[in-house]
Amino acid sequence: MASTAEKKGFWSVIWEYLTTVDHKKIAILYLIAGGIFFLMGGIEAMLIRLQLAIPNNDFLSAGLFNEVLTMHGTTMIFLAAMPLLFAFMNATVPLQIGARDVAFPFLNSLGVWLFIFGGIFLNLSWVMGGAPDAGWTSYASLAIDSPGHGIDFYAIGLQITGFGTLISGINFITTIITMRAPGMTYMRMPLMTWTTLVASVLIVFAFPPLTIGIFLLMFDRMFGSSFFLVETGGNTIIWEHLFWIFGHPEVYILILPAFGIFSEIFSTFSRKRLFGYSAMVFATVLIGFFGFMVWAHHMFTVGLGPTANAIFAIATMAIAVPTGIKIFNWIATVWGGSIEFTTPMLYALAFIPSFVMGGVTGVMQAAAPADYQYHDSYFIVAHFHYVIVGGVVFGLLAGLHYYWPLMFATMLNETLGKISFALFVTGFHVTFLIQHFLGLWGMPRRVFTFLDGQGYNTANLVSTIGAFMMALAVIILLVNIVMTVAQNKRVARDPWGDGRTLEWSLPLPVPYYNFAQTPLIRGLDAYWIEKKENNGQMLPAESLDDFHMPNNSILPFIISAGLFIAGFGALYLASGREWAIEAVSDLPQHPWAIWVLITGLLITFISMGIRSWKDDLGYYVTKEEVLNDLEEQERGGK
Amino acid sequence: MAEMEYNVPSERWPSHPETATHEGKNKFYGFWIFLAGETTLFASLFATYLALKDSVPGDDHLLAADLFALELAFVMTMFLLTSSLTSVFAVHHMRNNNFSKMQLWLGITVLLGLGFLSLEIYEFIEYTHLGHTFRSSAFGSAFYFLLGTHGAHVVFGLIWITMLIIRNAKRGLSVYTAAKVHTAALYWHFIDVVWVFIFTIVYLLGVV
Amino acid sequence: MAEIKQEPMSQKKLEYIRRERTKEMRLQLISFAMMIFLTFIAFGLVALDFDEAFVTPVVLGLAFLQVILQFFYFMHMKDKGHEFIKLMMLVGMFFAISFCVTFVYIVWIGAPI
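Chains as they are written, first to last, in the numbering used here: chain A, 1 to 638; chain B, 1 to 208; chain C, 1 to 113.
In isolation and in its complexed conformation, chain A is listed as follows (with noise of 0.2 Å):
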């Protein structure tokens, strides 16, 4: 590391992050402010279970009660599973295809920011006069007669996160294509760039219905139209389809990239290729196209009538396919491996289990009849957190102790690795396993307490217990966390020693420019390859030459925090209008809110205008440097 590494002071540093294009820093950006999120919804989580550890509790009121659910739901979903997959994402995508940078590192930088002052404005809701309470489905005849802003700091707040998302599925679909090294032909992209690639399709689709689902929420509710305003015409069932053709992919576009984690994860602890490897691309690109056809299945009670059910039914109970070749290939990955039982695979093979029980119940809700008798239910409650927990957040645990070392070149300790994923998971099981038999009991979702007597105190409790266990789980984690960086012992190349995949064929950390050479691709698992037929090091596809890279900037940042501020003037732009709702008519007037709106979009589009008119040509890494810091590498190799 020649430029990069010196040592710098605090505010040159906070001034990297805020300009930076590198994928490997930006996963950075999407690691801390995810994980914030993350511990922020995990709370949330611990307020629900305690309300709900004894009958007629009144921990929090139920209004308190139905934000916290809310921000809960919103908070897990937008702004800690998707953002921390998308930190694995950026961390490894362009490593493991050869590639210097994304195809867009102003794009790249722009989607984090978005993220972030998105993520910030929704939760700035809990000091400026309540959170969004209509769950995270925010369904608009709830929405509508939501008093205050809540709601409104959910539709802005989730808008300006999805254009980010939106530009990052944009940015990782054209990096996949156009980036990749000679020889990464799209059947020998690892597992983890696969998922990547369909789930950021499926972001290009999903994300512009929500965007105009949460338009059509926002000018009912800021501009006075009338789409769910069934006085004038309007009719909420717009919203459900809107944020169900949306909401179905966007369960899909967080569990494929834990597949993919999931994938290298045991391919890699098993010493073993993966199992099927055409058949998983396959199977990935087909439940990526059923995820799209499927999102009737949340609204079966709506009363879309038999035909439209039976359609809807059929296309959910499809998609089990694909998923079980999926589950089968990765038993016989791990089938006669030589198997490590490091924290990653642990997490990888309780995952197989965990999951296949939330696919189960899902099977069991497609079959719409007995939908009537799941829905509202706490079995839906089991079902969705045995999906997204025993798949997502295993994944996202998974991944982070995986690739770790590739982000910051240390170690989590494994110790105490082992130890969090043991109460973890055990947490996991206790919490909502018998989830699943307070719905069939008949406890419906979303009530803020319940009565005694009805049979579901000791259950209530248990869940609580296990809840309890995950959060200590998370603790201990983070006490890991903090030792590993206070430490700081640094790691060589190939630190789990099996690395399949061209992203372990670096040096950590990883130089910023990634590969002073493109490297030659001759098969699925490079480096592996390189391993076992060569000397272990990846063969160079050009000669040592200067190469170009893209030069930081601030305009991210400026671009997003100009719709940030538009945010607000938007928000109290109908407070009190005699035109507006009746949830804001009764709020005090603020007159300047066109102005604070008018403002930010200035700031957003000038930023954009300097953008488009400043010749951004980058710079060259010349050929002198890229050969000292070789050099330097193999002396600290020696």
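No wet-lab data here; the hints were simulated from the structure.
Any given hint might turn out to be false.
To be verified - Computed list of lysine-lysine pairs in DSBU-like fashion (alpha-carbon distance at most 35 Å, straight line): (1) A/Lys272 <-> A/Lys614; (2) B/Lys170 <-> A/Lys614; (3) A/Lys489 <-> A/Lys418; (4) B/Lys180 <-> A/Lys24.
Since the structure of chain A is already known, use the hints to place chains B and C on it.
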């Protein structure tokens, strides 16, 4: 030190200047993928419009058949279709390395776009006088949101192309600027694609 | 990355490419004429008050035809290097149609299919 080679001499002008550089190629793919996302964006708008097009609070509210004038929609269509052709001309001259003609056709595209936009504004004002507004009914909201989003795309495109004409006036044609012009042209065509569905689904099927 | 891998073109090759481009321009003009023609028919069918059951599918078909022309000729989707793009647009269009169909048929509680 390798030199930036954006300004290539005319005998080495590539046959596809917009994708000649790596950045240009990325831009080309990335923008197409963005347009794919825009299809579902507009699909959601069309779907919302189709669901709400007959939803008004009372019988005294005007519906599509009472409002729309085919003549105006036809003239607007001609403006936008022709502007799509003129941007094809601009790209043609860009590939032929003919900077001044490219600028000329881009300018004509902007003028035609302005023609379309002023007709649309005129139309909206007319409807507002008839009591058909964004807030009058669900039909009104859906109509103005669909047409307004398309109109906002037109405005954005006009500003974009105008800025390109001005910023490139000094810089001339290079593979760097060619990629920018090509992206803007793609965007402009897509606006026309959306309009084809608008005049069919909103106007023609509205009065049929 | 910024380097252009373009050899200097011989005069002959340049002339050949120019000729090809002129040919292409002719195609573009033809497709423009067809678009105008299709638009005329669509507006004409509606203006002449044909039966709704006949006009609706025909007009929609004409719109799709026109959009295909726009995509393949004006936006050069017929050229090489557009394979992934074609796939993306096709999938996008498929989703678009399915959204519209569901919104037409199953948004109303009153008349579900």
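Comparing the hints with the structure gives:
As the CA atoms of A/Lys272 and A/Lys614 are separated by approximately 50 Å, the hinted pair breaks the 35 Å bound. Taking the CA atoms of B/Lys170 and A/Lys614, the gap is near 12 Å; set against the 35 Å cutoff, the hint holds. A threshold of 35 Å between alpha carbons decides the hint, and for A/Lys489 with A/Lys418 the separation of about 19 Å falls inside it, so the pair holds. Distance restraint check for B/Lys180 and A/Lys24: the Cα-Cα separation of roughly 28 Å lies within the 35 Å cut-off, and the hinted pair is therefore satisfied.
Figure legend: structure checked against the earlier numbered hints; the only hint not met is number 1.
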